[in-house]
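There are 2 protein chains.
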Amino acid sequence: MFSDESLSTDVLRKLRSVVGDEHVRTDPGVLEAYARDATPLFRAYPQAIVEPDDAPQIAEIVRIAAEHRLPVIPRGSGTNLCAATSAQQGGIVLTTARMRRIEEIAPAELLARVQPGVTTAALAKAAGEHGLFYPPDPGSHTVSTIGGNIATCAGGLRGLKYGVTRNYVLGLTAVLGTGEIVATGGRLWKDVAGYDLTRLLTGSEGTLGIITEATVALLPAPETTGTGLAYFTDLEAAGRAVTEIIARGVLPATLEFLDRRCMDAVDAYAHLGLHATAGAMLLFGDDGGDDQVAASLTRMRQACLDSGALSVEIGGVAEAEPLLAARRCTLPALSRLGSLTILEDASVPRPRLAEMVARIDDIARRHDIVIATFGHAGDGNLHPTCVLPSAEDTEAIERAERAFGEIFRTAIALGGTITGEHGVGAAKLPYLAERLGPEQTALLRRIKSAFDPAGVLNPGKLGS
Amino acid sequence: MFSDESLSTDVLRKLRSVVGDEHVRTDPGVLEAYARDATPLFRAYPQAIVEPDDAPQIAEIVRIAAEHRLPVIPRGSGTNLCAATSAQQGGIVLTTARMRRIEEIAPAELLARVQPGVTTAALAKAAGEHGLFYPPDPGSHTVSTIGGNIATCAGGLRGLKYGVTRNYVLGLTAVLGTGEIVATGGRLWKDVAGYDLTRLLTGSEGTLGIITEATVALLPAPETTGTGLAYFTDLEAAGRAVTEIIARGVLPATLEFLDRRCMDAVDAYAHLGLHATAGAMLLFGDDGGDDQVAASLTRMRQACLDSGALSVEIGGVAEAEPLLAARRCTLPALSRLGSLTILEDASVPRPRLAEMVARIDDIARRHDIVIATFGHAGDGNLHPTCVLPSAEDTEAIERAERAFGEIFRTAIALGGTITGEHGVGAAKLPYLAERLGPEQTALLRRIKSAFDPAGVLNPGKLGS
Numbered sequence: 001m002f003s004d005e006s007l008s009t010d011v012l013r014k015l016r017s018v019v020g021d022e023h024v025r026t027d028p029g030v031l032e033a034y035a036r037d038a039t040p041l042f043r044a045y046p047q048a049i050v051e052p053d054d055a056p057q058i059a060e061i062v063r064i065a066a067e068h069r070l071p072v073i074p075r076g077s078g079t080n081l082c083a084a085t086s087a088q089q090g091g092i093v094l095t096t097a098r099m100r101r102i103e104e105i106a107p108a109e110l111l112a113r114v115q116p117g118v119t120t121a122a123l124a125k126a127a128g129e130h131g132l133f134y135p136p137d138p139g140s141h142t143v144s145t146i147g148g149n150i151a152t153c154a155g156g157l158r159g160l161k162y163g164v165t166r167n168y169v170l171g172l173t174a175v176l177g178t179g180e181i182v183a184t185g186g187r188l189w190k191d192v193a194g195y196d197l198t199r200l201l202t203g204s205e206g207t208l209g210i211i212t213e214a215t216v217a218l219l220p221a222p223e224t225t226g227t228g229l230a231y232f233t234d235l236e237a238a239g240r241a242v243t244e245i246i247a248r249g250v251l252p253a254t255l256e257f258l259d260r261r262c263m264d265a266v267d268a269y270a271h272l273g274l275h276a277t278a279g280a281m282l283l284f285g286d287d288g289g290d291d292q293v294a295a296s297l298t299r300m301r302q303a304c305l306d307s308g309a310l311s312v313e314i315g316g317v318a319e320a321e322p323l324l325a326a327r328r329c330t331l332p333a334l335s336r337l338g339s340l341t342i343l344e345d346a347s348v349p350r351p352r353l354a355e356m357v358a359r360i361d362d363i364a365r366r367h368d369i370v371i372a373t374f375g376h377a378g379d380g381n382l383h384p385t386c387v388l389p390s391a392e393d394t395e396a397i398e399r400a401e402r403a404f405g406e407i408f409r410t411a412i413a414l415g416g417t418i419t420g421e422h423g424v425g426a427a428k429l430p431y432l433a434e435r436l437g438p439e440q441t442a443l444l445r446r447i448k449s450a451f452d453p454a455g456v457l458n459p460g461k462l463g464s
Numbered sequence: 001m002f003s004d005e006s007l008s009t010d011v012l013r014k015l016r017s018v019v020g021d022e023h024v025r026t027d028p029g030v031l032e033a034y035a036r037d038a039t040p041l042f043r044a045y046p047q048a049i050v051e052p053d054d055a056p057q058i059a060e061i062v063r064i065a066a067e068h069r070l071p072v073i074p075r076g077s078g079t080n081l082c083a084a085t086s087a088q089q090g091g092i093v094l095t096t097a098r099m100r101r102i103e104e105i106a107p108a109e110l111l112a113r114v115q116p117g118v119t120t121a122a123l124a125k126a127a128g129e130h131g132l133f134y135p136p137d138p139g140s141h142t143v144s145t146i147g148g149n150i151a152t153c154a155g156g157l158r159g160l161k162y163g164v165t166r167n168y169v170l171g172l173t174a175v176l177g178t179g180e181i182v183a184t185g186g187r188l189w190k191d192v193a194g195y196d197l198t199r200l201l202t203g204s205e206g207t208l209g210i211i212t213e214a215t216v217a218l219l220p221a222p223e224t225t226g227t228g229l230a231y232f233t234d235l236e237a238a239g240r241a242v243t244e245i246i247a248r249g250v251l252p253a254t255l256e257f258l259d260r261r262c263m264d265a266v267d268a269y270a271h272l273g274l275h276a277t278a279g280a281m282l283l284f285g286d287d288g289g290d291d292q293v294a295a296s297l298t299r300m301r302q303a304c305l306d307s308g309a310l311s312v313e314i315g316g317v318a319e320a321e322p323l324l325a326a327r328r329c330t331l332p333a334l335s336r337l338g339s340l341t342i343l344e345d346a347s348v349p350r351p352r353l354a355e356m357v358a359r360i361d362d363i364a365r366r367h368d369i370v371i372a373t374f375g376h377a378g379d380g381n382l383h384p385t386c387v388l389p390s391a392e393d394t395e396a397i398e399r400a401e402r403a404f405g406e407i408f409r410t411a412i413a414l415g416g417t418i419t420g421e422h423g424v425g426a427a428k429l430p431y432l433a434e435r436l437g438p439e440q441t442a443l444l445r446r447i448k449s450a451f452d453p454a455g456v457l458n459p460g461k462l463g464s
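The listed protein sequences derive, respectively, from chains A and B. Heads up, the first sequence is in UniProt numbering, so the first residue is 1 and it goes up one at a time. Heads up, the second sequence is in UniProt numbering, so the first residue is 1 and it goes up one at a time.
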C-alpha cells in the first residue's frame with residue numbers, strides 16, 4: 001500500500017505550508033535519528049519528520065497523509081521498547097517535541113491538562129509544586145512523554161497500589177485518521193456519556209488517533225515513603241513472600257523483584273553492597289501517613305521473614321530513593337554486560353511469578369542464551385532481559401528471538417499475557433493473534449477502521 | 001427496522017430449542033413485568049423473555065435474533081434509571097437471572113470471577129468472607145447485578161477514593177452482535193495486548209456485546225471505617241468545605257451531600273434528628289487503619305469548621321452504618337412525597353457543585369416544579385430529583401422534562417456531563433449528541449457497527 005520513495009514535492013510543499021519550512025525535516029541525518037526507537041533490531045526509515053505545534057496542524061497533516069496514502073507515525077521521545085513508533089512502511093513521523101506546554105494544573109479539581117510532549121517527570125514536578133502527585137512512573141519517566149505514556153498505557157513501579165496510566169486519563173483531544181478532532185471525556189472522574197473512547201485511545205499506540213491534549217487526574221501527594229529490602233534463597237521463596245504480603249491485607253506502593261543475575265549486574269554498576277549469595281531480592285515500599293507506612297513496612301517485613309527470607313532491612317525516606325534508584329538502574333546495569341540488550345515484557349497471574357521465572361531460565365538454557373529477569377512482582381509483570389555479547393551475531397539473535405517466542409507462549413499458557421506495560425508495536429504483533437484469537441483480532445481490525453478508514457495512522461501495528 | 005408483532009412460531013421454536021420451553025416466556029403478565037425498568041415514563045413491551053444459562057446459549061440466541069432482525073436487550077435486575085433496558089423496538093429481553101454463580105474467589109490474585117447475574121451485594125459478601133472488598137457500591141447494590149454494573153459502569157458512594165466499576169473490571173467474556181464469543185483482558189492488573197476492549201464494553205449498555213462472565217479485581221478489606229456529619233447554612237459553604245478537604249490532601253472514601261429538601265425528606269422517613277434549619281449537610285467518611293481514619297476524619301472536621309460549618313459530629317464504626325443508611329434512603333424518602341419520582345444524574349467539575357445546585361433550583365422554580373438534589377460531592381456528581389404529585393399530570397411531566405433538558409445543558413455549559421454514573425439509555429440519547437458533537441456521535445455509530453453489524457444488540461440506545 002505504501003511507498004518507500006522520497007515524498008513528492010507536492011506533499012512536502014503541503015506539509016511545509018502547515019507547519020513551516022523548518023519543521024519538515026528530510027535530511028538523512030534526521031531521518032536516521034528517527035529510524036528507530038528504543039527497540040533493538042527494528043530499523044526503518046521514515047520519509048519525513050514533521051514537527052507540528054497544535055491540534056489543527058496535526059489534523060491538516062493527517063488529512064494530507066490520508067489524501068496521499070502516507071503513514072503517519074506519532075512519536076514522543078522514542079523510548080518505546082516494542083517498535084511501536086517504527087516507520088515500518090515509511091511515511092511521516094509526527095513528533096510532539098514542540099508540544100511541551102503544561103496548560104493547567106487545577107488543584108481543586110485534582111487534575112492537569114497538558115500537551116502530549118510534556119515529559120512524565122515534568123508533569124510529576126509541576127504536580128509536586130501543588131502538593132499533588134502523578135502516580136504512573138515508567139522506567140523512562142525522565143524523558144518519556146505523557147502522549148507516549150497514554151498511547152502505550154504505561155505502567156511503572158507503583159502499579160499494584162495506584163494502577164497504570166489508564167486509571168489517570170480523564171479526557172483526551174485526538175485527531176482521528178479522518179483528520180477530525182474529537183474531545184473525549186473531560187475534567188470529571190465520573191462520566192458515562194457514550195462509549196469509553198478515552199480508555200480505548202489509551203494503549204492504542206497511535207493507531208486510532210493522535211493525542212493532542214490530555215487531562216489527567218492527580219492525587220494528593222503522600223506524606224511520606226518507606227522502603228524495605230528482603231533477600232531470599234531463590235525466587236520461589238520471594239514469590240511466597242509476595243503472596244503472603246497480599247494475604248496479610250497489604251497492597252503496597254512498590255513490590256519489585258530482581259533475580260540473582262540482575263543483582264550481580266546492579267551491584268557491579270552501583271556498588272550497593274547487595275547480598276552476595278541470595279538467589280533473589282524483593283524491594284518493597286509504601287507511602288502514606290507516617291504511622292501507616294511504618295505499619296505497612298512492619299507487616300511486609302514479617303511476611304518476608306515468615307516466608308523464609310534470609311534477611312530483611314527496612315529503611316526510611318532517606319533510604320527509599322537510593323533503593324528505588326538501584327531498581328531503576330537494572331536495565332543500564334544489564335546493558336553493560338554485552339553489546340545488545342533485548343528487554344522484554346510479559347505478565348502472569350501473581351502466584352505464578354516464580355514458576356514463570358523458572359520456565360524462562362529453562363528456555364534460556366535450552367537456547368543457549370543468558371536471560372536475567374526483574375520486574376513488578378506485585379503485578380506479576382516480568383522483564384526478562386537477554387544480553388548478547390555481539391550485536392552482529394545473527395545466529396545468537398535468532399536464538400534469542402526463538403526463546404522470547406517461547407516465553408510469550410508460556411506466559412499465555414500460564415494465564416498471562418504477551419505484554420503487561422510495554423505494548424505490542426511491530427515487535428509483538430506476530431504474537432497478538434495467539435493471545436487474542438481470530439474473532440478478537442478481526443474485531444480489532446474493524447475498530448481500527450472505525451477510527452482510521454484509510455489506514456494511515458501507524459500502520460503495521462495494532463489493528464493491522 | 002423492527003417489528004412489534006408477536007414472534008413467529010419459527011423463532012419461538014428456535015429459541016425454545018436453545019434454552020428449553022420453560023425459559024422462553026411470552027405470557028402477557030411476564031411481558032408486562034419486563035416492559036419497564038426503574039425509569040419512570042418509559043414503557044415498551046418486549047415480544048419474548050428468554051432466560052439463558054450460559055454463554056453458548058446466549059451466542060445462539062443472538063444468532064437467531066440477527067437472522068430474524070430481532071432486537072436483543074440484555075437485562076440484569078432492571079434497576080436502570082435511564083431506560084437502558086427498555087425494549088423500545090420490541091424484540092427479546094435476555095435476562096441473566098439464571099446466571100448467578102460466583103465461579104471463583106482467588107484471594108492470592110485479588111480477584112473474583114462471576115456470572116453476570118450475581119448481585120453486587122452477593123459479590124461483596126463473598127469477597128468479605130475472604131477479608132476482601134469490592135469497592136463499587138451503586139445505590140441499588142442489594143439487587144443490581146454485576147453484569148448490569150459493568151454494562152453501565154456503575155458508580156456509588158466510594159468513587160472519589162476508589163473509582164468506579166471500570167477500575168475493577170479485569171476481564172470479560174462477551175457475545176458480540178455477530179454471535180461470536182470473545183474473552184477480553186483476563187486475570188491480570190496489567191495487560192496491554194490489544195485495544196482495551198474490557199473498558200470499552202464497560203459502560204456500553206449492552207449495545208456492543210452481552211457480558212457472559214466477568215473477572216473483577218478485589219482489594220484487601222479496610223480495617224475500619226469512620227464517618228462524620230457536617231451542617232452548613234447553605235450548599236455554597238458545603239461546597240467550600242469539599243474544596244478545603246481536597247486542598248488539605250484528604251481523598252476520602254465518602255463525601256456526600258444533601259440539600260435541605262432531601263434532609264427534610266430523610267428525617268421524616270428515618271427520624272434521625274437531622275439539623276432542623278441547616279441549608280445543606282455533608283456526610284464524610286474514610287476507611288483504612290485506625291490511626292489513618294482518625295487523622296483523616298479530624299482533618300475533614302477541621303476543614304468543615306474552617307469553611308463555616310454550623311456544626312460537625314464525628315462517629316466511629318458504630319455510627320457509620322446508620323449515617324450511610326440515611327444517605328442511601330434519600331431516594332425512597334423523596335419518593336414518599338409524591339406519586340412520580342424522576343431521579344436524574346449529572347456531573348460538573350467539583351468546584352462548581354454549589355453553582356450547579358443553585359442553577360438547578362432556579363430552573364425548577366422557573367418550571368414550577370420541585371427538585372431536591374443530593375449526590376456525590378467529591379465527584380461533582382449530582383442527583384437532582386423531581387417529585388410530582390401525580391403520575392397522570394402530563395402537563396407537569398412535560399414541565400419536568402423541559403427542566404431536566406435545561407439541567408443537562410447547564411451541566412455541559414459548566415464543563416460537566418449529562419450522566420456521571422446512571423448511563424444514557426433511551427432516556428438521555430437526545431442529549432448525547434449535544435455532549436459529544438457530530439464527529440464523535442458518528443464515531444460511536446461506526447464502533448457500534450464493528451461489534452454489532454446487524455444492529456440487534458439493544459437498538460435505540462448508545463451507538464444509534
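Since the hints were derived computationally from the structure, they do not count as laboratory data. This structure is a prediction, so every number in the text was calculated from the model and none was measured. Be a bit skeptical, because a hint or two may be false.
To be verified - Distance condition first, Cα-Cα at most 27 Å in a straight line; then the derived DSSO-like pairs of lysine-lysine: (1) K125/A x K125/B; (2) K161/A x K125/A; (3) K161/A x K125/B; (4) K125/B x K161/B; (5) K161/B x K161/A.
As the list claims (entries may be wrong) - Derived list of chain B stretches under chain A, where covered just means 3 residues or more per stretch with a C-beta under 8 Å from a C-beta of chain A: (6) 28–35; (7) 57–68; (8) 142–148; (9) 218–227; (10) 349–355; (11) 378–387; (12) 397–410.
Beta carbons are placed, not taken as given, at the ideal position from N, Cα and C, and that holds for glycine.
> Is the Cα-Cα distance between K125/A and K125/B 27 Å or less?
Replying inline: 41 Å, violated
> Taking a Cβ-to-Cβ distance below 8 Å as contact, does the region 378–387 of chain B have at least three residues touching chain A?
Replying inline: Coverage by chain A holds for the region 378–387 of chain B (3 residues, Cβ < 8 Å).
>> Using a Cβ cutoff of 8 Å, are there at least 3 residues of the region 349–355 of chain B near chain A, or does the coverage claim fail?
In response: n = 3 at 8 Å, threshold three: holds.
>> What's the verdict on K161/A and K125/A, does the C-alpha distance respect the 27 Å limit or exceed it?
In response: Judged against 27 Å, a Cα distance of about 21 Å means the pair holds.
>> Using a Cβ cutoff of 8 Å, are there at least 3 residues of the region 397–410 of chain B near chain A, or does the coverage claim fail?
In response: As far as the region 397–410 of chain B goes, the hint is violated, because 0 residues have Cβ atoms under 8 Å from chain A.
>> Taking 8 Å as the Cβ threshold, is the statement that the region 142–148 of chain B is covered by chain A upheld or broken by the three-residue rule?
In response: violated (count 0)
> Straight-line Cα separation of K161/A and K125/B no greater than 27 Å?
Replying inline: With a Cα-Cα distance of about 23 Å, the restraint between K161/A and K125/B holds, given a limit of 27 Å.
>> Can you tell me if the region 57–68 of chain B counts as covered by chain A, using C-beta to C-beta distances under 8 Å and a minimum of three residues?
In response: Violated, because only 0 residues of the region 57–68 of chain B bring their Cβ atoms closer than 8 Å to Cβ atoms of chain A.
> Is the Cα-Cα distance between K161/B and K161/A 27 Å or less?
Replying inline: Roughly 12 Å separates the two Cα atoms, so the pair holds.
>> Does K161/B sit within 27 Å of K125/B, going by the straight-line distance between their CA atoms?
In response: Holds - the C-alpha atoms of K161/B and K125/B are around 21 Å apart, at most 27 Å.
>> Is the listed coverage of the region 28–35 of chain B by chain A valid when you require three or more residues with a beta carbon under 8 Å from a beta carbon of that chain?
In response: violated (count 0)
> In terms of beta carbon proximity below 8 Å, does the region 218–227 of chain B have 3 or more residues touching chain A?
Replying inline: That given contact holds, which follows from 4 residues of the region 218–227 of chain B lying within Cβ reach (below 8 Å) of chain A.
Going down the numbered hints, you'll see the structure goes against 1, 6, 7, 8 and 12, while the others check out.
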